[in-house]
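Undergrad: So the protein lines, in turn, are chains A and B.
Heads up: the first sequence begins at 0 in numbering that gives the first Met the number 0, then just goes up one per residue.
Heads up: the second sequence begins at 0 in numbering that gives the first Met the number 0, then just goes up one per residue.
Watch out, some of these pointers could steer you wrong.
[Unchecked claim] Here are the computed distance ranges between Cβ atoms for each label pair:
#  : chain 1 : residue 1 : chain 2 : residue 2 : range
1  : B       : Q45       : A       : E29       : 49 to 57 angstroms
2  : B       : S21       : A       : Q8        : 53 to 61 angstroms
3  : B       : D76       : A       : G475      : 30 to 38 angstroms
4  : A       : S281      : B       : S31       : 20 to 28 angstroms
5  : A       : A284      : B       : Q92       : 53 to 61 angstroms
6  : A       : D260      : B       : E124      : 54 to 62 angstroms
7  : B       : H14       : A       : R287      : 49 to 57 angstroms
8  : A       : S420      : B       : Q92       : 27 to 35 angstroms
9  : B       : E124      : A       : E16       : 18 to 26 angstroms
10 : B       : H14       : A       : K255      : 39 to 47 angstroms
11 : B       : S7        : A       : H72       : 18 to 26 angstroms
12 : B       : Y143      : A       : I138      : 23 to 31 angstroms
[Said to hold, decoys possible] Away from chain B, derived, C-beta distances all over 10 angstroms, residues of chain A:
#  : residue
13 : Y1
14 : G28
15 : D102
16 : Q150
17 : P162
18 : G194
19 : I196
20 : G207
21 : N237
22 : R242
23 : P277
24 : Q329
Hints are computed from structural coordinates only; laboratory data are not their basis.
From a predicted model like this one, the values you see are computed outputs, not experimental measurements.
Virtual Cβ for every residue (Gly too), placed ideally from N, Cα, C.
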Amino acid sequence: MYQYNDIDQTLINERVEEFRDQTQRFINGELTEEQFRPLRLMNGLYIQTHAPMLRVNIPYGLLSSKQLRMMGHIANKYDKDYGHFTTRQNIQYNWPKLEQVPDILADLASVQMHAIQSSGNCIRNITCDPLAGVSADEIEDPRPYCEIIRQWATLHPEFSYLPRKFKFAVSGSPKDRAATQVHDIGLHVKKDAEGRIGFEVLVGGGLGRTPVIGQVIAPFVAEEDILSYSEAILRTYNLFGRRDNKYKARIKILVKETGLDKFKAQVDAEWETIKNGPLKLSPEAIQRVKAQFTPFAYQAPASTNAVSSPEHNSGPFRQWLKQNTIEHKQVGYRVVFLSLKSPTQAPGDITTEQMNIVADLADQFSFAQIRTTHDQNLALTDVLESDLFPLWQQLSKAQLATANIGTITDMICCPGLDFCSLANASSIDIAQGITDRFTDSAIDTGNISLKMSGCMNGCGHHSIGEIGILGVDKKGEQWYQLTLGGADSHDSRLGDRLGKAIAKADVVDAIDDIVHVYKEQRTTNETFANTYQRIGIQPFKDKVYDNH
Amino acid sequence: MTIIKDKSIIDDAWHAHQDNESLVDNSIVNLSYWLENRDSLKTCQQALGLLVDGDADIHSFKDDLSCFAIIAINIPDFVDGRAYSLCRLIRNQYNFTGEIRAVGDVLPDQALYLTRVGFDTLKLENDESAQLAINKLNDYSVRYQID
Ligand code: SF4
């Protein structure tokens, strides 16, 4: 993985000191709340319901075991012994003290981590496919490009006061596992006829109040031009994006109001003037970063049936193997997902103890690296098949082997009313209700993506869930709007509204009804999405609203 | 108000022209005044500056840049980042070689980015904030971007 050089390290150290000074001036009353706000946000610090919330970047979802141990250390020393993984592959701490944040940042810097631009109206953490580098269908590992873009975007002097936040996602495979269609800029690695690497560029996607699927602005931008092209888009957005209304300030609105063709013409005109300038990447510059993402030294498998001895016939192990592990491009290895959706924890939450255990297991079984996923789980991506059984045993002991990846209980869920000051409704207790109801039947039901947000901002990506749940406020009471049929893979689709909002006490029953209709109507092996497309929304409506 | 340039406090050689007063040497006129009086102003002998807002349309004055010794860009609110891109355009695309000055709501914490995108001088609220801005220019010894 990418290792910092002196420049990288100096930069984040200096950022820590800059923020220490800003925090101190705020505490001393030399900076007003209004002045401090964007400055602290640009360093990942929100003021939430109970306490500040600090969001720490995990660039493209890749962590070393040493870094994960530091995440655990921070949770223990400055927080309540746990952290929360987000849909953008980052980690959040819900209880740090403002005056301690500079020390947390210094601890992070000691393991090459930071919170720079994890919030605020600037370019956020660059995310990518959590299976980058290990999936068989990959055209090219997207991580070196994420790192190149990360460096360009970090403390960018021109793009730190944008109209609104700005998110990049990069996918290296034809099957999009990075939700690039719902990012401000989505990049798909492509190869042209001569085999040159480049990107299909999507612009203007996003969730939130007005969910929009991104559109192709350029079918192929060569790798050496990706920074200049991105700069052209950002400059156009910075100059023309709306600043009069926070809800209309994302680039998706600018693209919509300007029209894609005209917007593209503006970007191209700008690009023309900078394309051959200093932002052009040399082959050496690209290679320097790529050299830091070389494949591991995989072993040839000792036997072809590494998981077939009698001890492996335990039902729970088999179930876990089927549900929580997938193929690796290297024969003899598998990718293992660690579910952070156990019945005893809020979705995405992880304790210090668990972080330490995962770090140890990564050292032992997976080249000392850990991935974070968009589904708020973790992955050990390079596990020898013969190690699966001992790994499973240890994960089980740590409540990290719930065999539910991809099922309805593996739901995405924002912190909601319990932690977020913007929330209309709680999400964690609904998640708990769903987990309780479906734990026994989840695998039998088959994979269903359920996503839940506590308000329109859509941090829980409800609008692209096969089942989406959105918290709404009705005269001070918590209600929930359901949507069906959303998708977040290569064919992103926004869910359709089921009908009027549902009272809190009835939400779990309504989900049960929806699942019931699916199970009743599906043909053999038919996915939820396919059944939904075939039978439409009406049968679900009838069942849910007739019952309530 | 205090002006800084190259990490020092300097005297302000420029006078902010008001629409109803007569023109003196070293006046900064605002964009609407310039557009209304362009023909006569172009022939005047005084050194001139132009004041534009951060959201100004560059096409309305890009052809006149050579008439000015200074372009002042007004930042209405420190979170409004348009001035940064506008400055880049004036400097890099329209090759303006005179002074570019940031005025309006400028935080000392923004001094480094402002100078990096091409502002030569910054107008701060007072000597104290100007001194702080100068200190802030020394916060970083490295950068990722080639400015
Ligand atoms: S979706 Fe709303 S409630 Fe949930 S975390 Fe985002 S802003 Fe908060």
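Undergrad: So, for every hint listed, does it hold in this structure?
TA: Okay, the hints, checked on the actual structure:
1. Q45/B <-> E29/A: 49 to 57 angstroms: 40 angstroms, violated
2. S21/B <-> Q8/A: 53 to 61 angstroms: Once the Cβ atoms are compared, 58 angstroms apart, the range 53 to 61 angstroms for Q8/A and S21/B holds.
3. D76/B <-> G475/A: 30 to 38 angstroms: 33 angstroms, holds
4. S281/A <-> S31/B: 20 to 28 angstroms: Check failed, 46 angstroms falls outside 20 to 28 angstroms.
5. A284/A <-> Q92/B: 53 to 61 angstroms: 24 angstroms Cβ-Cβ, so the 53 to 61 angstroms window is violated.
6. D260/A <-> E124/B: 54 to 62 angstroms: For D260/A and E124/B the Cβ distance comes to about 44 angstroms; the hint is violated.
7. H14/B <-> R287/A: 49 to 57 angstroms: 51 angstroms, holds
8. S420/A <-> Q92/B: 27 to 35 angstroms: 42 angstroms, violated
9. E124/B <-> E16/A: 18 to 26 angstroms: Holds, since E124/B and E16/A (Cβ atoms, about 24 angstroms apart) stay within the stated range.
10. H14/B <-> K255/A: 39 to 47 angstroms: Since the Cβ atoms of H14/B and K255/A sit about 44 angstroms apart, the hinted range of 39 to 47 angstroms holds.
11. S7/B <-> H72/A: 18 to 26 angstroms: For H72/A against S7/B, whose Cβ atoms are near 44 angstroms apart, the range 18 to 26 angstroms is violated.
12. Y143/B <-> I138/A: 23 to 31 angstroms: 27 angstroms, holds
13. Y1: Y1/A is indeed farther than 10 angstroms from all Cβ atoms of chain B, at 13 angstroms.
14. G28: Since the minimum Cβ distance to chain B is about 14 angstroms, G28/A lies beyond 10 angstroms and the statement holds.
15. D102: 19 angstroms, holds
16. Q150: Contrary to the label, Q150/A does not stay out of reach of chain B, its closest Cβ about 5 angstroms off (not over 10 angstroms).
17. P162: 8 angstroms, violated
18. G194: 29 angstroms, holds
19. I196: 22 angstroms, holds
20. G207: 19 angstroms, holds
21. N237: The claim is violated: N237/A sits with its nearest Cβ about 5 angstroms from chain B, within 10 angstroms.
22. R242: 6 angstroms, violated
23. P277: Given that some Cβ of chain B is not farther than 10 angstroms from that of P277/A, nearest at about 4 angstroms, it is violated.
24. Q329: At about 34 angstroms from chain B, Q329/A clears the 10 angstroms cut-off, so the statement holds.
In the structure shown, a violation is registered for the earlier hints numbered 1, 4, 5, 6, 8, 11, 16, 17, 21, 22 and 23, in ascending order.
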